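**Q** One-letter residues, chain by chain:
There are 2 protein chains.
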Amino acid sequence: MKPMKNNKHIVGIDIGGSHTTIGWVNEEGVVVKKIDFSLKPYVHIDDFILKIRQEITSSPLICQGIGIGAPNGNYFTGMIEFAPNLPWSGKINLCELLQSYFPEIPIYITNDANAAAMGEYRYGWGKENTLEDFIMITLGTGLGSGIFIKGEIVYGHDGFAGEIGHMIVDPMGRLCGCGRRGCLERYASATGLEITSLEFLNKKRISPDWFENPDQPKAKEVYVAAMANDPGALEIFDYTSKILATGLANAVCFSSPKKIILFGGLAKAGEILIQPLQKYFEEALLQIYKNKVEIMVSKLEENDAAVLGAAALIYEAMSN
Amino acid sequence: MKPMKNNKHIVGIDIGGSHTTIGWVNEEGVVVKKIDFSLKPYVHIDDFILKIRQEITSSPLICQGIGIGAPNGNYFTGMIEFAPNLPWSGKINLCELLQSYFPEIPIYITNDANAAAMGEYRYGWGKENTLEDFIMITLGTGLGSGIFIKGEIVYGHDGFAGEIGHMIVDPMGRLCGCGRRGCLERYASATGLEITSLEFLNKKRISPDWFENPDQPKAKEVYVAAMANDPGALEIFDYTSKILATGLANAVCFSSPKKIILFGGLAKAGEILIQPLQKYFEEALLQIYKNKVEIMVSKLEENDAAVLGAAALIYEAMSN
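Chains as they are written, first to last, in the numbering used here: chain Y, 1 to 320; chain S, 1001 to 1320.
Treat the hints as calculated values from the structure; they're not laboratory data.
Bear in mind the structure is a predicted one, so any value in this text is a computation, not a measurement.
Ideal Cβ placement from N, Cα and C applies to all residues, glycine included.
Among these hints, one or two may not hold up.
Derived list of chain Y stretches under chain S, where covered just means 3 residues or more per stretch with a C-beta under 8 Å from a C-beta of chain S [what the hints assert, rightly or not]: (1) 12 to 23; (2) 175 to 188; (3) 200 to 208; (4) 256 to 267; (5) 275 to 287.
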């Protein structure tokens, strides 16, 4: 007896640095099935494509489209282009490769922060409220961003818009992985929090006993200490939020969004981050924007957000 | 005999700090008639409105719509809101006031930099080429900006998007008229050039004899000296272009435009500004944007640009 295929779904694929999640999302935005696997065995992209194909075709759930969120995923070209943390180097024509196995359905890719923004628009704060102009900020190892203007993601002329994490906040500042100095993400991210901890330790601005290895402070340790009201840890969060505030105030000068939505590991710090951030943000805003732009934490469930966002790419494309 | 009214035109109004220009623009983008008057006698907005009305109704040219470019002009509200350099304080409901005299025709307002961007899109570089994603930078007393994404001006949720001049490039930097520190326009504008001159003079980094009053250096004097290859003047331009380059590289991170177009007094410095600017800009760009974004000088005739841009607002509205 053949499996029943009475449910139509979009497959959302979240490609991360170490593992990939495939999720089947129904029209209500529920992830009805999800599988997760390590990228390690898939050194060759062809093997990865075959794995995806096999998982989709072997499922009893009908797949009407495939949306993908990946580091350096480009909506215009359908490629992953030079993603430093993935096993495949150069330009990977992911959409075309998948399309050869699924010629009849829409397949789109975008970067992970844009996918998160799309998820927020469709399933998060945007689900019940008007959310046409907002900026999604993903605070993880780095700082990613997805920008919505008039209900659409900003891709720019080449698909690479929305790199707020690489806006320079201090031209003489910290060296960034991109080779330049003073990028926002070197301050406002889990990594930034750790560099700040190290700097504060070296300058003896703090002298905590809660770092397991003071040569390699962990963001998590700062968070735990801040939750216990440790003044040093709170100072690190204060410093981080002040720089993030300036970066966000600069972003507001560009697109004047209604909301800025925070997502990701560091956003889970909640009030420890948000409270000083909101204060510094209002101070940093140009007069005409004051008391107009809300900063809030994402409504998306962290576990499902990436897959939902990737699937939302297709639902949006289908509804336009 | 009644005057012949066989030509249909859009009236473009450019409201500046000291005077206003009214221009009649035909469908080919030619300013067929233009009048210019001082704002001094129009301390009351009602008198200003009556003046506009009288000029438009007394002309034999048919007016099909009125587009206005003004400092702090807001496309969404139709108002001029708290423009510091105009004679009328608070919120001026300009479009509504004019509409009461011209109830049948479209009337729109936007700020001067957006109007310039609209003019460029319709009558400048955008006239014969695709120009969907670009940023217009007006370099005058301050630094204004108009942002196009996918062929539309970015207004933001409140009509106030596009204040790149107030993106902070140095949180500890120069005090700005907006009350904050380190705004881009305090460095990259005619005023910025003059402050830099003063700083360089005070630090004895330059010792020129070509400032008429070294306590009040003029941008024009720096320009003339730079044209004559004076090393000090060229250093001032070099410094200015380096900071502008960082600001523009940050803007690229946001919307990834195809072009950045410079307009206004300082842009007329031409190669003296553009050459170092392009060099520093390429250096400052994030890798994925390198060699993709052109910086060019506006194609618009300075004298007509503001009026053309204002009129273009209406032509665009009519063609959508």
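**Q** Identify every previously stated hint that the structure contradicts and give their numbers, smallest first.
**A** 1, 3
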